[in-house]
Amino acid sequence: MTITGTNLNQATAVRFGTALAPAFTVVSASQITATTPAGTGTVLVTVTTPGGTSNGVGFSYVSAPAPVLSGASPAQGPAAGGTTVTLTGSGFTGATAVRFGSTNASSFTVVSPTQITAVAPPGAAGPVPITVTGPGGTSNGVTYTYVAGPVLSGVSPAQGPVSGGTTVTLTGSGFTGATAVRFGSVPAVSFTVVSSTQITAVAPPGAAGPVQIIVTGPGGASNGVTYFYVGLPTLGAVTPGQGPTSGGTPVTLTGTNLLGATAVKFGTVAATSFTVVSDIQINAVAPPGAAGPVQVTVTTPGGTSNGVTYLYVAVPTLTSAVPGQGPLGGGNTVTLFGTGLTTASAVHFGSTLAAFTVVSDNWVTATAPAGSAGAVNVTVTTEGGTSNAVTYARVAGPGI
1 MTITGTNLNQ
11 ATAVRFGTAL
21 APAFTVVSAS
31 QITATTPAGT
41 GTVLVTVTTP
51 GGTSNGVGFS
61 YVSAPAPVLS
71 GASPAQGPAA
81 GGTTVTLTGS
91 GFTGATAVRF
101 GSTNASSFTV
111 VSPTQITAVA
121 PPGAAGPVPI
131 TVTGPGGTSN
141 GVTYTYVAGP
151 VLSGVSPAQG
161 PVSGGTTVTL
171 TGSGFTGATA
181 VRFGSVPAVS
191 FTVVSSTQIT
201 AVAPPGAAGP
211 VQIIVTGPGG
221 ASNGVTYFYV
231 GLPTLGAVTP
241 GQGPTSGGTP
251 VTLTGTNLLG
261 ATAVKFGTVA
271 ATSFTVVSDI
281 QINAVAPPGA
291 AGPVQVTVTT
301 PGGTSNGVTY
311 LYVAVPTLTS
321 AVPGQGPLGG
331 GNTVTLFGTG
341 LTTASAVHFG
351 STLAAFTVVS
361 DNWVTATAPA
371 GSAGAVNVTV
381 TTEGGTSNAV
391 TYARVAGPGI
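If you're matching positions, the sequence shown starts at 1 in my numbering and goes up one per residue.
The set of hints was computed from the structure by calculation and includes no laboratory data. Keep in mind that a hint or two might mislead.
[As the list claims (entries may be wrong)] Derived DEER-like restraints, expressed as beta-carbon distance ranges: (1) Ala263 to Gln212: 24 to 32 angstroms; (2) Asn9 to Thr35: 14 to 22 angstroms; (3) Gly5 to Asn223: 49 to 57 angstroms; (4) Pro65 to Ser153: 14 to 22 angstroms; (5) Ala290 to Gln212: 46 to 54 angstroms; (6) Gly82 to Thr6: 52 to 60 angstroms; (7) Ala79 to Ala23: 26 to 34 angstroms; (8) Pro129 to Gly154: 31 to 39 angstroms; (9) Ala393 to Thr339: 39 to 47 angstroms; (10) Asn9 to Ser153: 52 to 60 angstroms; (11) Gly260 to Ala375: 37 to 45 angstroms; (12) Ala290 to Thr386: 13 to 21 angstroms; (13) Gly94 to Pro129: 14 to 22 angstroms; (14) Ala346 to Gly397: 27 to 35 angstroms.
Idealized CB from N, CA, C, for every residue including glycine.
Given these sequences and hints, build the entire structure.
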């Protein structure tokens with residue numbers, strides 16, 4: 001108890017009635033703290049100094065039972081303190097102290113003779129007894145456990161699409177009893193505490209860019225680890241837009257959000273190879289494919305892009321050259337019949353290039369170049385490759 005008055009600084013004794021206080025401390029000339037001796041009824045408290053014995057002030061011994069504790073809820077909280085704990089039991093009227101171990105509660109309120117709310121002070125990780133002190137003495141203890149906060153050390157994978165849905169594995173410590181996992185300010189779609197060192201969580205949707213993943217448990221909130229939301233890739237063009245069915249054509253893909261690409265596909269077939277040049281460009285080599293159009297797509301951690309059309313062009317075929325012969329000086333028109341001639345880029349008579357006109361996919365006209373007498377192979381080259389050969393013969397003119 002605290003005794004206040006004047007000229008107390010040289011106190012030699014504190015008495016409760018005729019009984020000496022077991023211990024006392026002179027705080028100042030106007031204050032003494034003293035431990036009450038056992039007693040009953042109402043007695044006068046006096047202080048003796050070299051100047052004599054003071055007047056007396058009344059102090060009443062109350063024959064109340066010591067408080068009894070039956071429970072604490074919640075029974076655990078972070079080592080940083082601050083948790084409001086509800087204590088239940090009996091004999092709480094007039095409670096003068098609530099302690100967590102040897103440390104006084106940050107604050108407490110006597111709600112009723114059977115309930116107290118108290119704010120836990122900071123404490124070291126581990127269990128401590130909570131006790132309540134009242135006029136009748138100090139209660140039994142009930143256990144309260146200070147829990148160390150969770151600590152995050154890693155997340156894998158560390159990125160995923162803005163649409164969410166990626167299952168990530170969080171590693172660290174202190175995950176037991178985790179109550180929340182958040183990506184930035186957004187709760188995970190779901191999470192599972194695998195062990196005290198591992199949690200699996202499903203990422204919610206989010207805006208493109210980095211967020212901090214945080215785990216909350218009985219011990220408080222963890223540090224954050226970075227998770228990147230990656231925007232969905234988009235493709236705008238593929239150049240060139242066609243090539244032979246044999247594959248091998250280098251193409252340039254342009255678009256957005258192409259960094260981190262994990263696959264480039266021509267239809268369902270993976271590119272022979274690809275290189276991510278920048279966020280807006282990928283260079284790829286077309287694989288072999290069947291004649292006709294396919295959709296080229298790019299896959300990144302942000303998902304799979306829209307498709308852009310790439311045309312596989314079949315190797316051209318020739319069936320005939322009409323007429324099949326002509327003069328040594330050339331200059332005559334030769335009609336070449338076949339298939340797949342639309343994209344013709346060259347016509348050769350032997351090794352000599354000829355002027356030509358594409359009439360249709362099945363028909364090309366060419367001007368025969370001059371040459372020596374005899375047969376030569378005529379071929380047509382297109383985006384699909386070089387055709388088979390048909391024979392054209394140069395014939396010497398008659399002489400007399």
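Looking back at the hints listed earlier, which ones does the structure fail to meet? 4, 6, 9 and 11
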